[in-house]
Amino acid sequence: MNTHPLAGKPAPKSILVNVPELISAYFTLSPDPQQAAERISFGTSGHRGSSLKRSFNQAHILAVTQAVCEYRQEAGIDGILFMGMDTHPLSWPAQFTALQVLAANKVDVRIAAGPGEQGFGYFGYTPTPVISHAILTHNRNSKDSGKTCDGIVITPSHNPPVDGGFKYNPPHGGPADTDVTQVIEARANQILEENLTAVKTVPLEEALKAENVELYDYITPYVNDLDQVLDMQAIAQANIRIGADAMGGAGMAYWQAIKERYNLNMEIFHDSLDSTFSFMHCDKDGKIRMDCSSPYAMAGLVAMKEDFDIAFGNDTDFDRHGIVTKSVGLMNPNHYLSVAISYLAQHRPQWQQDLSIGKTLVSSSIIDRAAAHLGREVVEVPVGFKWFVDGLRQGSIFFGGEESAGASFLRKDGTVWSTDKDGIILNLLAAEIIAVTGKDPGQQYQELTQQFGAPIYARIDAPASPEQKAVLKNLKPEDVQASSLAGEPITAVLTNAPGNNAPIGGLKIVAANGWCALRPSGTEDIYKIYAESFLDQAHLSRIQEEAKAIVAGLL
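Counting from 1, one number per residue, gives the positions in the sequence shown under the working numbering.
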């Protein structure tokens with residue numbers, strides 16, 4: 001994709017979302033369930049869409065929330081449902097709609113209170129990892145009652161402001177797997193097809209006064225618990241200068257609470273609501289996208305890197321992290337994952353030495369090299385944080401991370417912290433690293449490359465029809481006839497992840513100093529080529545070209 005002229009520049013007023021139009025469309029436009037693009041569809045991060053495209057409207061939220069209520073009843077989930085929302089414009093009306101359904105179905109719901117004495121109905125915003133933390137904490141503490149808790153997060157993650165999203169987290173606290181989402185998705189679309197006749201709902205005013213709907217302080221228990229997963233005392237004592245960019249997201253109030261609770265030397269940016277996200281710099285395609293791993297979207301914070309010892313940002317639901325250092329600027333997510341893993345393995349003496357490392361199969365192989373040096377096993381899984389849930393809950397992996405800047409890790413005592421990505425603790429870990437070692441994560445990564453090589457990593461997209469994507473999704477290792485990759489013998493052809501034998505929905509080809517992975521997109525008519533070389537750019541380019549040739553031969 002070519003770089004847009006607006007990439008990395010402040011967003012002009014001409015591209016800001018028309019919030020009244022967006023909210024109006026949410027209530028006035030109705031989807032046609034016979035149109036695939038207007039149906040409910042759970043991807044790796046829940047259902048996403050836009051009210052302007054009839055893919056995220058009141059009807060969708062009525063149907064999917066009713067489907068969640070019915071799933072809970074069938075699954076015997078009868079505890080509290082923790083619900084949070086981010087700051088996308090569509091999240092506010094979607095939470096109102098969901099509350100009307102949850103109240104009518106007699107589900108005990110907890111929603112965030114807004115700041116000050118604004119009264120009921122003035123809600124706060126809640127990050128995705130905080131919902132996971134709340135579910136796990138309450139389920140651990142309520143074993144005697146026998147009631148299990150779950151959650152809903154209303155967010156499209158880092159998507160542009162025009163989008164909305166809806167995620168369901170079952171009692172394990174992490175993203176719901178397909179055995180759950182397929183049931184909810186199918187039932188929700190059936191409800192849409194039947195003109196919402198199965199939806200139980202009450203008027204909004206009644207829902208807000210319902211006994212089963214309560215305001216809840218999400219901030220205090222989460223913030224107070226941070227010293228159980230991080231060395232907050234070391235960060236405070238080092239008095240390092242920290243720049244925290246809330247990026248107008250769901251964790252706006254959290255950074256101030258963390259600063260005050262732990263007495264940190266922290267300057268906070270963009271911690272007030274702006275539903276147009278007008279303060280953002282444009283992403284590579286010229287759109288506003290709250291992607292904290294994009295050097296274009298993060299250009300504003302990167303320009304201030306000399307002002308801080310460490311700086312960081314989060315996407316809108318705070319499940320992703322973006323680390324900005326003096327030494328290298330915005331860190332590539334793969335680079336920071338390798339640093340975080342290496343540091344944690346050597347600075348958590350309470351952890352058992354046989355704990356493994358979880359990584360997605362399209363994450364950098366420098367993680368594998370560092371893990372081998374540390375004597376740790378790598379559990380390589382398909383794309384999607386749901387694959388780390390069991391390992392984190394059971395305490396068999398100490399870290400689970402994705403190449404897309406999402407990760408979580410265990411508490412200092414080796415028990416689970418969250419089973420969803422947590423951008424807050426990954427950002428604060430960067431502060432702990434510099435506080436404890438005196439070197440920022442960028443410098444730490446440079447030391448890793450001196451020891452294990454300096455990989456070059458890239459992802460490119462190529463066009464593919466729906467039929468071609470179906471072929472790529474169902475490949476077998478024997479379908480690949482090639483014996484070498486960019487001049488090196490192929491050592492492995494994978495269509496199932498080695499860590500759990502789950503289908504990867506594509507293909508990965510591995511050689512000694514490079515690899516490529518091919519995955520069809522779930523939302524666009526493209527396939528993605530991930531590639532990495534430990535040699536040079538020419539070697540990487542050769543891997544990419546041979547990957548395209550392999551695909552051409554398969555199709």
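In short, the hints are calculated from the structure, not lab data.
Keep in mind the model is a prediction, meaning the values are calculated, not measured.
Watch out, some of these pointers could steer you wrong.
Stated by the list, open to error - Computed list of lysine-lysine pairs in DSS-like fashion (alpha-carbon distance at most 25 Å, straight line): (1) LYS412 with LYS473; (2) LYS53 with LYS287; (3) LYS476 with LYS548; (4) LYS9 with LYS326; (5) LYS439 with LYS326; (6) LYS439 with LYS9; (7) LYS53 with LYS106; (8) LYS326 with LYS13.
So, going through the hints one by one against the coordinates:
no. : hint               : result
1   : LYS412 with LYS473 : violated (39 Å)
2   : LYS53 with LYS287  : holds (17 Å)
3   : LYS476 with LYS548 : holds (17 Å)
4   : LYS9 with LYS326   : holds (21 Å)
5   : LYS439 with LYS326 : holds (10 Å)
6   : LYS439 with LYS9   : violated (30 Å)
7   : LYS53 with LYS106  : violated (32 Å)
8   : LYS326 with LYS13  : violated (31 Å)
In this structure, the hints that do not hold are numbers 1, 6, 7, 8, in rising order.
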